[in-house]
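Asks: Sequence:
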Amino acid sequence: MTAKTFAIASDHAGTELKAALKALLEEQGVTVLDLGTNGPASVDYPNFADAVAAALADGRAEAGVLICGTGIGISIAANRHRHVRAALCHDITTARLCRQHNDANVLVLGARIVGLEVARDCTLAFLSTPYEGGRHARRVAMLG
Numbered sequence: 001m002t003a004k005t006f007a008i009a010s011d012h013a014g015t016e017l018k019a020a021l022k023a024l025l026e027e028q029g030v031t032v033l034d035l036g037t038n039g040p041a042s043v044d045y046p047n048f049a050d051a052v053a054a055a056l057a058d059g060r061a062e063a064g065v066l067i068c069g070t071g072i073g074i075s076i077a078a079n080r081h082r083h084v085r086a087a088l089c090h091d092i093t094t095a096r097l098c099r100q101h102n103d104a105n106v107l108v109l110g111a112r113i114v115g116l117e118v119a120r121d122c123t124l125a126f127l128s129t130p131y132e133g134g135r136h137a138r139r140v141a142m143l144g
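In terms of the UniProt record's numbering, the sequence shown has 130 at position 130, counting the first letter as 1, and numbering is strictly consecutive.
The hints are simulated quantities; they were obtained by calculation from the structure and are not laboratory data. For each residue, glycine too, the CB sits at the ideal point set by N, CA and C. Worth double-checking, as some hints may not be accurate.
Simulated restraints, written as ranges between beta carbons of each label pair [said to hold, decoys possible]:
{"id": "1", "residue 1": "117", "residue 2": "26", "range": "17 to 27 angstroms"}
{"id": "2", "residue 1": "59", "residue 2": "26", "range": "16 to 26 angstroms"}
{"id": "3", "residue 1": "120", "residue 2": "4", "range": "15 to 25 angstroms"}
{"id": "4", "residue 1": "140", "residue 2": "39", "range": "29 to 39 angstroms"}
{"id": "5", "residue 1": "133", "residue 2": "41", "range": "38 to 48 angstroms"}
{"id": "6", "residue 1": "137", "residue 2": "16", "range": "14 to 24 angstroms"}
{"id": "7", "residue 1": "39", "residue 2": "135", "range": "36 to 46 angstroms"}
Based on the provided sequences and hints, a complete structural model is requested.
Replies: Shown next, in the form of structure tokens:
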């Protein structure tokens with residue numbers, strides 16, 4: 001992926017992981033648009049999925065990272081937007097394949113499910129893996 005800007009957001013369960021992944025992306029030369037949240041107060045994850053979707057739609061970002069406790073709720077919310085292909089990943093293989101085969105533009109992680117090292121590995125794989133196109137293009141076109 002050659003994204004220059006990633007939008008990143010989380011609910012209250014993902015703030016620590018979000019901060020670590022923001023730093024990782026910046027270390028890789030990626031501009032990061034941090035859309036919150038930044039504290040422990042309970043918030044509603046659909047609002048943060050919507051914020052990342054809006055950043056993708058209006059061109060402020062080319063890709064995104066979303067984090068909630070399990071990753072499930074925020075991925076469902078993100079995928080309600082037709083231009084979003086959000087992939088909930090639990091390991092480096094799913095992070096790599098969601099880019100290769102599905103042209104995912106949003107990586108989703110569960111802060112209570114994956115540890116920091118796995119999340120870092122997933123993020124680096126997502127960032128460095130290109131979409132293959134070819135035999136996958138017809139199906140990806142059907143997604144949005």
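Asks: If a hint holds in the structure, say so; if it does not, say that too.
Replies: So, going through the hints one by one against the coordinates:
no., hint, verdict
1, 117 with 26: 17 to 27 angstroms, "holds (18 angstroms)"
2, 59 with 26: 16 to 26 angstroms, "holds (20 angstroms)"
3, 120 with 4: 15 to 25 angstroms, "holds (20 angstroms)"
4, 140 with 39: 29 to 39 angstroms, "holds (37 angstroms)"
5, 133 with 41: 38 to 48 angstroms, "holds (43 angstroms)"
6, 137 with 16: 14 to 24 angstroms, "violated (38 angstroms)"
7, 39 with 135: 36 to 46 angstroms, "holds (45 angstroms)"
Hint 6 from the list above is the single one not met by this structure.
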